[in-house]
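Number of protein chains: 2
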Amino acid sequence: MAKNKKITLLIKNIGQLVTMQGQVPRRGKDLADIGLIENGAVAVSGDEIVAVGNSDEIAGKVDLAENHTVISAENQVVTPGLIDPHTHPVFAQTREMEFEMRLAGKGYMEIAEAGGGIRSSVRSLREAEPDELYARARKTVNTLMAYGVTSIEAKSGYGLSTEAEIKSLEVIARLNENEAMDLYPTFLGAHEVPDEYRDRHEEYVDLVINEMIPAVAERKLALFCDVFCEDGVFTVDESRRILQAAEKHGMRSKIHADELKSTGGAELAAELGALSADHLVYISPKGIDLLAKANTVAVLLPGTSFALGLNEAAPAREMIDKGVIVSLSTDCNPGSSMTESLPMIISLAALKLKMTAAESLAAVTVNAACAIGRGDTLGRLESGLTADITIWDMKDYRELPYHYGVNMVKMVVKNGKVVVGR
Amino acid sequence: MAKNKKITLLIKNIGQLVTMQGQVPRRGKDLADIGLIENGAVAVSGDEIVAVGNSDEIAGKVDLAENHTVISAENQVVTPGLIDPHTHPVFAQTREMEFEMRLAGKGYMEIAEAGGGIRSSVRSLREAEPDELYARARKTVNTLMAYGVTSIEAKSGYGLSTEAEIKSLEVIARLNENEAMDLYPTFLGAHEVPDEYRDRHEEYVDLVINEMIPAVAERKLALFCDVFCEDGVFTVDESRRILQAAEKHGMRSKIHADELKSTGGAELAAELGALSADHLVYISPKGIDLLAKANTVAVLLPGTSFALGLNEAAPAREMIDKGVIVSLSTDCNPGSSMTESLPMIISLAALKLKMTAAESLAAVTVNAACAIGRGDTLGRLESGLTADITIWDMKDYRELPYHYGVNMVKMVVKNGKVVVGR
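Chains as they are written, first to last, in my numbering: chain D, 1 to 422; chain F, 1 to 422.
Calculated from the structure, these hints are not laboratory results.
Some chain F residues close to chain D (C-beta under 7 Å, calculated; not the full set):
(1) 94
(2) 96
(3) 100
(4) 103
(5) 338
(6) 339
(7) 340
(8) 341
(9) 351
(10) 396
(11) 398
(12) 399
(13) 402
(14) 403
(15) 405
Every residue, glycine too, gets a C-beta built ideally from N, C-alpha and C.
Just chain D, same shape as in the assembly (with noise of 0.2 Å):
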């Protein structure tokens, strides 16, 4: 333990303790190795983990600050808060017609003509003020914490507009001032080509690149850039194009990749050296090959396919067996996959892509981490590493996936302070 550091948070009796502790990122079998501890503790200084172990151990050795917290998790589940690595918070409305009209078998088309798709949520966003916006998001973003979440990657994408692209990235950065959640923002500029530029494909590239980017990378509001890289959406070129002059700008890259058939996006991810590719529903053998060579991070968003009524999903079993660095995601937005429950995405995992609890437990802790660029100060419970920390009340952590659509829960620390459960 780490000499004169009074213990502000000391969580003890934990019946089972994840730490995570080992492998980062986590690959194949060390997926399955989340560094159990039964009746465990965690000690928190400040923001800080500073030691983790055995209950009767450490809670013997600690010296208390004088305003200190404890906290007897006897028959619960600690974990490190979850990281949800690809989310869509900032949209002015939710679009429940147009998941009626799908599931009646309404198709793409239909759908649009009545108002829906992503092109409803562009034009919604464009005329929300950004009060407005904050408020749905600020729910949005405390309801993914209230199940567990302490950061998440969140991207802009539905105002494709230079303005409504920073309107989206500056509501953003004014959630991650005012509240508990730490958000990691992403442009994404590029996630449909609107409608003005419906017929001048090419000139939105442009704009994206010659515009957006300097402007989004001037104001320092993006740690990274993603691109929708699908068929009829944007090619492999231009995705390399965007992604590569945005580097240039300091941002990291992340492809929206195979989601709807296999476009080489895995490869382009690999070929980059992306940061993330996420979707894979549809990931060829070679993309699996490069990113299991690569540090790229696939995450898999398993609700997406099951909220659009889809049978396909990636292939997460040959992922993981050939060494690809999983990671899973709610991809909370309006059209696609309507949840804030990241615990709702493990039983998903668990019961679409037959990945473990312990396997998904690491996706969403170590590996998301990895995801957002954060692999060396979050995700596990470790000497050093934030205190970021979820509180479950359940006996086992494989109730995670099996207890399904409900939330288990108890309190969650961030920074070393808890915000939820008080």
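Let chain D serve as the given structure and place chain F on it in line with the hints.
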């Protein structure tokens, strides 16, 4: 409005009020008619609804009691309190180990040999103290309520001895007395054949008929009797004998029917005039025709197939089109569907059964009330009925299936009192 009734609770300015006024029960196209009122209000006196209608009209007229509560529900949806007509809430232990084994491809026998399966629930329930069972079931029941449910059907069935079945039903009776939830108890001694009768199947049927049913009836512990009618469990003939014996003791019939294959359970339900036939994944065309003419409610349980990792689903659209009375339930139980979220089931009903939000709402209110024999007093917001009401944090009721895996309940009113979200 009923004269001289002082209003103790007024819910006004309701964005969308789903009254469910109309047919009881609801079949075919009527299932989609949910009695929607924009800017609605509900006035309650004690535990009784006394007025439902336009907010401006009602709010101006009511005579408020000295002690009263006024709730303004702008931008919110108000529905009848949901009713869950099929739950197994009394058990001693969760079975998350088994869930993971099943997803890893382990078969029924392997799981049973590792200490899993329904027999593990029987072993642990028999050993458990009533207080221990009560504490666990209380949590389950209150979680169901936190997700918007105000009445449940609650089964025994993990005891499989006269003593342990009575112990389970007594726990249900105690919950009914002490908790806000109303529980409608069902005796399910014929859930499985216990180990000690494995080679004496017929003797167990006789025990259920000659000893358990009279003992349960004498103690007035159950309103309904249920049988697991399935190949390898109880045959159609055995199920008929058991249910007829129970009917003689005043218990109405329910049947676990056609869950794993088509065995004639739906036909038996129609023949007996059962209150409900549940599961029905493999209902025969003849079974559908017979139920369409009967007053038996078809209780569909899409969460069970989902959580077992199966793709099969009850033919809900065909059943609705032919006029079967369709309801939905969690099947909340530790073996095959560990969830207390009926809204999650509404999402699954949309995605797997292609039921619209309106149809699902009718299924879990007016039709579910019929499945527990209370179509006259529950499941609708209508003058003279019980004031069981759920207030939802959403602008449009269609958000219910679409916004999946999270709790959108704002408040629950049970017998006229706010019990969740105070």
